[in-house]
Amino acid sequence: MVSSARCLAALRLLLALLPAAAAAAAPPPPLAAEHLSVQQLPPRSPHWVWVFDEAFANEIDMRVHLYDGDNYRRLGQIDAGYYSSFNLSPDAATTVVATTYFARGSRGARTDLVEFTDNRTLEVRGEIVLPPKRVQTLPTLFNVAYSSDARLLYVSYVTPAASFGVLDPANRTVLGEIDTAGCVLVIPSGPNRVSSLCESGRLLTVTLDAAGHETGRAMSDPFFDADRDPVFVQGIRTVKGYAFLSFLGQVHEIDFSGEQPRIGAPWSLLAAPEQGVWRPGAQQVGAVHRGLGRLYVPMHKGGEGTHKDGGTEIWVYDLASHQRLARWPMQTRGLTHIIALEVSQDEAPLLFAATDTAQLAVIDARSGRLRHVEQHFGQTPWQILVP
Amino acid sequence: MRSLDRLFEQSARQLARRTSRRSLIGTLGGLLTGAALLPLLPIDRGSRAHAAEPAARAAGPESCQYWKYCAIDGYLCSCCGGSATACPPGTAASPIAWVGTCHNPADGRDYMVSYNDCCGKTTCGTCDCTRAEREKPMYRPSRNNDLNWCMANADANYHCTVSVIVGVAEK
Chain A
1 MVSSARCLAA LRLLLALLPA AAAAAAPPPP LAAEHLSVQQ LPPRSPHWVW VFDEAFANEI
61 DMRVHLYDGD NYRRLGQIDA GYYSSFNLSP DAATTVVATT YFARGSRGAR TDLVEFTDNR
121 TLEVRGEIVL PPKRVQTLPT LFNVAYSSDA RLLYVSYVTP AASFGVLDPA NRTVLGEIDT
181 AGCVLVIPSG PNRVSSLCES GRLLTVTLDA AGHETGRAMS DPFFDADRDP VFVQGIRTVK
241 GYAFLSFLGQ VHEIDFSGEQ PRIGAPWSLL AAPEQGVWRP GAQQVGAVHR GLGRLYVPMH
301 KGGEGTHKDG GTEIWVYDLA SHQRLARWPM QTRGLTHIIA LEVSQDEAPL LFAATDTAQL
361 AVIDARSGRL RHVEQHFGQT PWQILVP
Chain B
1 MRSLDRLFEQ SARQLARRTS RRSLIGTLGG LLTGAALLPL LPIDRGSRAH AAEPAARAAG
61 PESCQYWKYC AIDGYLCSCC GGSATACPPG TAASPIAWVG TCHNPADGRD YMVSYNDCCG
121 KTTCGTCDCT RAEREKPMYR PSRNNDLNWC MANADANYHC TVSVIVGVAE K
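Residue numbers (my numbering), protein chains in the order written: chain A, 1 to 387; chain B, 1 to 171.
It is possible that some hints are incorrect.
[As the list claims (entries may be wrong)] Here are the in silico distance ranges between beta carbons for each label pair:
1. B:E62 <-> A:P30: 57 to 65 Å
2. A:T111 <-> B:G167: 50 to 58 Å
3. A:Q375 <-> B:G90: 33 to 41 Å
4. B:E170 <-> A:D255: 40 to 48 Å
5. B:I165 <-> A:G303: 20 to 28 Å
6. A:T336 <-> B:S83: 27 to 35 Å
7. B:E170 <-> A:G276: 25 to 33 Å
8. A:V38 <-> B:E62: 42 to 50 Å
9. B:S83 <-> A:K301: 43 to 51 Å
10. A:K301 <-> B:E170: 26 to 34 Å
11. A:G334 <-> B:G60: 31 to 39 Å
12. A:D168 <-> B:G60: 52 to 60 Å
[Said to hold, decoys possible] Per the computed footprint, the stretches of chain B lying under chain A, defined by three or more beta-carbons under 8 Å from a beta-carbon of chain A, are:
13. 113-124
14. 127-140
15. 156-170
These aren't lab readings, by the way, just hints derived from the structure by calculation.
Each residue gets a CB set at the ideal place from its N, CA and C atoms; glycine is no exception.
Only chain A is shown next, with the shape it has when bound in the complex (with noise of 0.2 Å):
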């Protein structure tokens, strides 16, 4: 009897229910239509960096991703071809490429290049064909870079013989051509000037007219021994110039300010019992805040022929005091070796450092807290630059 009466009043609870079962179990209303549209990039910020994929497994499929370290996210990305080189303008409107296409994909007449694409929208807005001479190199600021009024762009060439290209990015023409006496690389200074390193371990510099044509070039002192130890050609962005590390870790900063560069006293990176055990080395092998004076610079343990190692650890160094202000190990962070390193320029600066797996880190520039990691960002990131 008991049971009985439990049996009823089961049944009873159960038809009691059974609108709100079969409310549930009713569809949800269907979804809206979707309209396709282009993801349009919002306001740039201080914190997105343009990576280069230098793809070393299909090396005619370089790419440049553009990617925002706030959100963690890619915004984009900017084809360039083959063994391709980029940069920046000076007021990072936008993306100079030079590159190279064959007619039939991997194979067929070659095409060597310039392309410019916006960076409002990462649509490509013009180009103009070079001679097939363009630099054919690892990543380097040197390889195509801009005046500093962006009236002129400058692109490496070399055969292998060496020289470079005047361009008019505004009127989309080659200007002309100046032999660099087998010096190597573009690096710009003021509105006219054209610095290029030598195996002597001088600079050569040209001076330009407003037509693109050589005015006076002179040579510098050396200022380092390619045999003994020679500068990596990864040259960094300092205040006035640029900062060359040299393989056994000597920084030579040099203030390209001037009518011609002025080379200042070398001071290494390294104290007396860290000398021949750490030494720096990447692909692209630090990075300045130039406000902060700080100097981020990838260190590994390591001898000759190790120049191309990435980084264990980030070193951290005040440029004005040529002190170390911190040592920052990477694998406790989750990081394989360091291979390019970028910092933005703002207050709340991030360190941006790739890996020889691939991995690009975001790392707070002030303390060295880790605070993401992508995964898998493409093959071969060797490069980052911010404006």
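Chain A is fixed; fit chain B onto it per the hints.
This is chain B only, laid out in the frame that chain A set:
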């Protein structure tokens, strides 16, 4: 085009020699374009390659640790249908090259090695090998492995790299 490029190259190297304090290696590099098979080339062996010798001794041509690869940067042609000294079928060897000086643990000698790129197909993508013993930046091109040495080929697309012994590196 190749003869024109060679003319430019010769001109550049002459200019480089005029502006260089230490032009010995550069001069040798200039002589080596096209992996010219000069029997003996004098070169300083004071800082010979420092590959891990037991590993180097055991490694074969499909290993990045193979002794001849001490200054290579690219894909090993021995993994791409060619060999350590032969470009894969359908590619073309670069007439210009960079050089390295590598220590052969089997006979205790240092050898000058010409690294020629094989060109005309897209990147092989197998057996990536980057070593940079005594490799120099681009202002010393004859010792630089960042440049695309297919640059002067009719088809400048890079595929892989071979390592050709040029001769014993003398003291």
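**Asked** Checking against the hints above, which ones are violated?
**Response** 2 and 9
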